[in-house]
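Asks: Each chain, letter by letter, is given below.
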Amino acid sequence: MSAPTRTLTAHANGNHRITEPAPVRWVLTTVALVFLALFLALPLAAVFSQAFEKGFGTYLLALKEPDTLAAVKLTLITAAVAVPLNLVFGVMASWAIAKFSFPGKNLLITLIDLPFSVSPIISGLIYVLIFGRQGWLGPFLEAHDIKILFAVPGILLATIFVTFPFIARELIPLMESQGRDEEEAAMVLGASGLQTFFRITLPNIKWGIIYGVILCNARAMGEFGAVSVVSGHIRGITNTVPLQVEILYNEYNYTAAFAVASLLAFLALITLAVKSVAEWNVRENMEP
Amino acid sequence: MSIEIESINKQFGSFTALGDVSLSIPSGELVALLGPSGSGKTTLLRIIAGLESPDSGRILFNGEDTTESHVRERKVGFVFQHYALFKHMTVFDNVVFGLTVRPKETRPSKGEIRDKVTELLRLVQLEGMAKRYPAQLSGGQRQRIALARALAVEPQVLLLDEPFGALDAQVRTELRRWLRRLHDEIHVTSVFVTHDQEEALEVADRIVVMNKGRIEQAGTPDQVYEHPANPFVLNFLGNVNLFHGRIQSAGEGQPEADNSVSYVRSHDVEIDRSQHDSSSLKAEVKHIQKLGPSVRITLSINDSESFVEAELTRDVFQNLDLQQGEQVYVRPRQVRVFAEDYQI
Numbered sequence: 001m002s003a004p005t006r007t008l009t010a011h012a013n014g015n016h017r018i019t020e021p022a023p024v025r026w027v028l029t030t031v032a033l034v035f036l037a038l039f040l041a042l043p044l045a046a047v048f049s050q051a052f053e054k055g056f057g058t059y060l061l062a063l064k065e066p067d068t069l070a071a072v073k074l075t076l077i078t079a080a081v082a083v084p085l086n087l088v089f090g091v092m093a094s095w096a097i098a099k100f101s102f103p104g105k106n107l108l109i110t111l112i113d114l115p116f117s118v119s120p121i122i123s124g125l126i127y128v129l130i131f132g133r134q135g136w137l138g139p140f141l142e143a144h145d146i147k148i149l150f151a152v153p154g155i156l157l158a159t160i161f162v163t164f165p166f167i168a169r170e171l172i173p174l175m176e177s178q179g180r181d182e183e184e185a186a187m188v189l190g191a192s193g194l195q196t197f198f199r200i201t202l203p204n205i206k207w208g209i210i211y212g213v214i215l216c217n218a219r220a221m222g223e224f225g226a227v228s229v230v231s232g233h234i235r236g237i238t239n240t241v242p243l244q245v246e247i248l249y250n251e252y253n254y255t256a257a258f259a260v261a262s263l264l265a266f267l268a269l270i271t272l273a274v275k276s277v278a279e280w281n282v283r284e285n286m287e288p
Numbered sequence: 001m002s003i004e005i006e007s008i009n010k011q012f013g014s015f016t017a018l019g020d021v022s023l024s025i026p027s028g029e030l031v032a033l034l035g036p037s038g039s040g041k042t043t044l045l046r047i048i049a050g051l052e053s054p055d056s057g058r059i060l061f062n063g064e065d066t067t068e069s070h071v072r073e074r075k076v077g078f079v080f081q082h083y084a085l086f087k088h089m090t091v092f093d094n095v096v097f098g099l100t101v102r103p104k105e106t107r108p109s110k111g112e113i114r115d116k117v118t119e120l121l122r123l124v125q126l127e128g129m130a131k132r133y134p135a136q137l138s139g140g141q142r143q144r145i146a147l148a149r150a151l152a153v154e155p156q157v158l159l160l161d162e163p164f165g166a167l168d169a170q171v172r173t174e175l176r177r178w179l180r181r182l183h184d185e186i187h188v189t190s191v192f193v194t195h196d197q198e199e200a201l202e203v204a205d206r207i208v209v210m211n212k213g214r215i216e217q218a219g220t221p222d223q224v225y226e227h228p229a230n231p232f233v234l235n236f237l238g239n240v241n242l243f244h245g246r247i248q249s250a251g252e253g254q255p256e257a258d259n260s261v262s263y264v265r266s267h268d269v270e271i272d273r274s275q276h277d278s279s280s281l282k283a284e285v286k287h288i289q290k291l292g293p294s295v296r297i298t299l300s301i302n303d304s305e306s307f308v309e310a311e312l313t314r315d316v317f318q319n320l321d322l323q324q325g326e327q328v329y330v331r332p333r334q335v336r337v338f339a340e341d342y343q344i
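One line per chain: the protein sequences are P and W, in this order.
Okay, so the first sequence: first residue is 1 according to full-length UniProt numbering, each after it adds one.
Okay, so the second sequence: first residue is 1 according to full-length UniProt numbering, each after it adds one.
Don't read these hints as lab results, they were simulated from the structure.
Taking lysine-lysine pairs in the DSS-like style, the calculated list, with each CA pair at most 27 Å apart, reads:
1. W/K116 <-> W/K104
2. P/K99 <-> P/K275
3. P/K99 <-> W/K87
4. W/K87 <-> P/K206
5. W/K131 <-> P/K206
6. P/K206 <-> P/K275
7. W/K87 <-> P/K275
8. P/K99 <-> W/K75
9. W/K87 <-> W/K116
10. W/K75 <-> W/K110
11. P/K64 <-> P/K54
12. W/K87 <-> W/K75
Residues from chain W that face chain P, not an exhaustive set, calculated with beta carbons under 8 Å:
13. R72
14. F86
15. F97
16. V101
17. V153
Note that the Cβ used here is the ideal one computed from N, Cα and C, for glycine as well.
Work out the full structure: start from the sequences and follow the hints.
Replies: Structural data, given as structure tokens:
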């Protein structure tokens, strides 16, 4: 049925293309490209040119500085904790939301979006209010000598909170578009819940997960606001890479600041590349 | 295996999907659940499969109550309207899925599984397709693979939800004939849902006509077509004309009522140039529509507001050589009368 229709459309398109006049197309394209160059390409180029201003040797030296290495290590630890936790949570939440109906479903969807709608500073302050010296749990924590604020646990909590929606938000629409048909087919054929999940559900959302993880990871490594509030900026101990960049910059150590910043820029470029591959695959999987 | 459906009720919010539905399906039969959308036919099928649970009522397989047993344990084959093939698996892996998820003790050996796939692919006439992915198959092929996958676990009951609904007209006709032959070959008790009366009439041993969550009539295709229980069944199985009026002399088996509605199928309307008897009505040809092998003619009855639709074969139409605007006589060959209070 659809084949002849398609030929017809193709034919019509071949003869007279329905499109804007050439000047309009040129103007629109130019505006878009200039905008991109100004706000995206130029800053990126600036980061790298500043980083390498005094040669590759200085660049490497700046990265080898102990405080910077500590910041890189802490950032990696933070991402290594926050991303897997949010992966487990995100898959479970989106599975529940997309495949079942239950009371409180809309509330859950709203809550997942919460970290997107609050300013990161607020996200950080929440933890100060809870764990701070004057906070709810402050006296208890002090009595038991547990350090959360201005220590690694606080940074982990703030990062997990901020990156909480990324994976779930990516998976919910994907799983909803796929429906329950394949899972039902598997169950009718005798598959258990776990078999259905690992053999049917998971392969179908594989690329959605990769997409979500890469975005979640980029945010976990790059988060500044919330982490800044809870970190306490202790050099070599509670500084993540973005915080280290700020400190170096405030000390007029531009080359080192941009060298460390270039690490985050690299992360952004890799994220972008993996993201486009994942995006393409997700779209493929959305087709019923 | 026989299926016994005992006063099933199912409610979705305030919508009654099924209201006290009872039906018994003898072993080995091919039954069609026929009805418009929203009539509850798919819900009933899903309840039989165990994909949906009824609010009340029982489902018995071979006299055994299965209402509470999980869909996994019911040993049914289910074919979905949109195939629901596992996109990331080859045809081979799709077909054997039901065997590979079994616990080790009951799982057949690799060799047995391979033989089984070969046999099933032969049955669905898709030999040599084992290595393909669903995306590389046409709609009709996908649905046959879905059927092979359902049959691989040797189900005692085969359930098909609008199996040909997503296919184009020609493939649909081919596949339903093929399904009929397949059923004659393997004789598994089968229930399929359809809204296409032609499909039900052609394929099924028995047709269950459903409407608004109730069963209107269940019987052989001949029974429901020739002796519709009510105007809904009559109307759903073919185009009909309505005549409002009083019955002057009730025939045998027809209700005597002051107000009644007569129903005439459009292919039971005869068109003539001369008056046949007192049942002939003078009418004007308003519109002629050629529909492949048949021709549909809309006529307006003189001295009344009503229109009649007649369906003639091309031969008859050509012999009559009807012209638009012409005066002719129409005569119903077969009339069915139902009391007026019945709501369609």
